[in-house]
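Visitor: Here is how the chains run, residue by residue.
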Amino acid sequence: ILNVEQSPQSLHVQEGDSTNFTCSFPSSNFYALHWYRWETAKSPEALFVMTLNGDEKKKGRISATLNTKEGYSYLYIKGSQPEDSATYLCALYTGFQKLVFGTGTRLLVSP
Amino acid sequence: DAGVTQSPTHLIKTRGQHVTLRCSPISGHKSVSWYQQVLGQGPQFIFQYYEKEERGRGNFPDRFSARQFPNYSSELNVNALLLGDSALYLCASSFWGEGNQPQHFGDGTRLSIL
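If you read the sequences in order, they're chains Z and R. The first sequence lines up with residues 298 to 408 when you count with this note's numbering. The second sequence lines up with residues 152 to 265 when you count with this note's numbering.
Source of the hints: derived by calculation from the structure; they are not laboratory data. The structure presented is a predicted model; accordingly, all values stated were derived computationally and were not measured. Where a beta carbon is used, it is the ideal one built from N, C-alpha and C, also for glycine. Keep in mind that the hints are not guaranteed to be accurate.
What the hints assert, rightly or not - In silico SDA-like pairs for lysine to any residue, Cα to Cα no more than 20 Å straight-line: (1) LYS339/Z with ARG261/R; (2) LYS339/Z with LYS164/R; (3) LYS339/Z with ASP213/R; (4) LYS339/Z with GLY154/R; (5) LYS356/Z with PRO253/R; (6) LYS339/Z with ASP258/R; (7) LYS164/R with ILE264/R; (8) LYS339/Z with GLN195/R; (9) LYS339/Z with LEU190/R; (10) LYS339/Z with ASN251/R; (11) LYS354/Z with ASP258/R; (12) LYS339/Z with ASN222/R; (13) LYS339/Z with ILE177/R; (14) LYS354/Z with GLN252/R; (15) LYS339/Z with ALA153/R; (16) LYS355/Z with GLN252/R.
Stated by the list, open to error - Far from chain Z, by Cβ distances over 10 Å, these chain R residues were calculated: (17) SER158; (18) GLN192; (19) PHE215; (20) ALA231; (21) GLY248; (22) HIS255; (23) LEU265.
Claimed, not checked - What follows is a set of in silico ranges between Cβ atoms, one per label pair, in the way DEER data are often shown: (24) GLU380/Z with PRO159/R: 39 to 45 Å; (25) ALA153/R with SER407/Z: 31 to 37 Å; (26) ARG218/R with LEU349/Z: 34 to 40 Å; (27) ASP213/R with GLU302/Z: 25 to 31 Å; (28) THR160/R with SER307/Z: 25 to 31 Å; (29) SER407/Z with GLU205/R: 20 to 26 Å; (30) GLY191/R with GLN311/Z: 38 to 44 Å; (31) LEU239/R with VAL310/Z: 22 to 28 Å; (32) ASN230/R with GLY376/Z: 46 to 52 Å; (33) ASP213/R with VAL310/Z: 43 to 49 Å.
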């Protein structure tokens, strides 16, 4: 069974703090790596899709890096705001039209 | 443009019953995927359909089935409901369903089995 692991499971930071989470996956199964943000009572929203080793993507204060050889991706949030509070999911695409999701990192940003 | 829409929003069924969940993709998207999300876990892949054909299937029993219509909308059917089928069912669409494309999710259908 393919395992996509995310850490930490949850995180509580103060407004203005910068933070980062990790997504780990078996490097031999890699085609693409997705990041989603899922706010309570809303639908998951795509942040990034990364396909190349060394890829770096940025969207406002959020950025992500990818290392396919060692099987991990980092998501960074610079200067966290309360509206960044959400669950951040990564998902590995391994072919056969299937996305395998991690269990997510729940972020709470206090004002 | 409207996003992915799912219906109904909530549903309560009893064990042994059958349920049909519906999904309309974003206009122009030809691929629809279904996921099951139980508390504490990430979404689990159930099916993907593209151009009315099943392109991928997750590790779910035959009680789960789906189809896609000519307008690219989709239905997920679950027969002989079990307590363990209680979950949030998410639908996602993309242009071609390839792994390098982001999935666009609906708000989900919350299914409760009594």
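Visitor: Given the hint of 39 to 45 Å, check if GLU380/Z and PRO159/R actually sit that far apart at their C-beta atoms.
Guide: At 29 Å between Cβs, range violated.
Visitor: Need the status of pair LYS356/Z, PRO253/R: alpha-carbon distance at most 20 Å?
Guide: holds, 15 Å
Visitor: Taken at face value, is the distance from the CA of ILE177/R to the CA of LYS339/Z at most 20 Å?
Guide: With Cα atoms ~16 Å apart, LYS339/Z and ILE177/R stay inside 20 Å; holds.
Visitor: Mind verifying the non-interface call on GLN192/R? Its CB should be farther than 10 Å from each CB in chain Z.
Guide: violated, 6 Å
Visitor: Range hint 34 to 40 Å: satisfied by the CB atoms of ARG218/R and LEU349/Z?
Guide: Given about 36 Å between the Cβ atoms, the range holds.
Visitor: Hinted pair, alpha-carbon criterion (20 Å max): LYS339/Z, ALA153/R. Please report holds or violated.
Guide: holds, 15 Å
Visitor: Since SER158/R was said not to touch the interface, does its Cβ keep a gap of more than 10 Å from each Cβ of chain Z?
Guide: Per Cβ check, SER158/R is outside 10 Å of chain Z; nearest 14 Å; holds.
Visitor: Starting from LYS339/Z, check that the Cα of GLY154/R is at most 20 Å away, please.
Guide: Satisfied, since the Cα-Cα distance of roughly 12 Å is no more than 20 Å.
Visitor: Is it true that the CA of LYS354/Z sits at most 20 Å from the CA of GLN252/R?
Guide: Holds, at about 15 Å.
Visitor: Given the hint that LYS339/Z pairs with ASP213/R, does the C-alpha gap stay at or below 20 Å?
Guide: Distance of about 30 Å is beyond 20 Å: violated.
Visitor: A cut-off of 10 Å on Cβ-Cβ distance, and PHE215/R was said to be off the interface with chain Z. Does that hold?
Guide: It holds; PHE215/R is separated from chain Z by about 15 Å at its closest Cβ, greater than 10 Å.
Visitor: Range hint 31 to 37 Å: satisfied by the CB atoms of ALA153/R and SER407/Z?
Guide: holds, 35 Å
Of the numbered hints stated above, those contradicted by the structure are hints 2, 3, 10, 11, 12, 18, 21, 22, 24, 29, 30, listed in ascending order.
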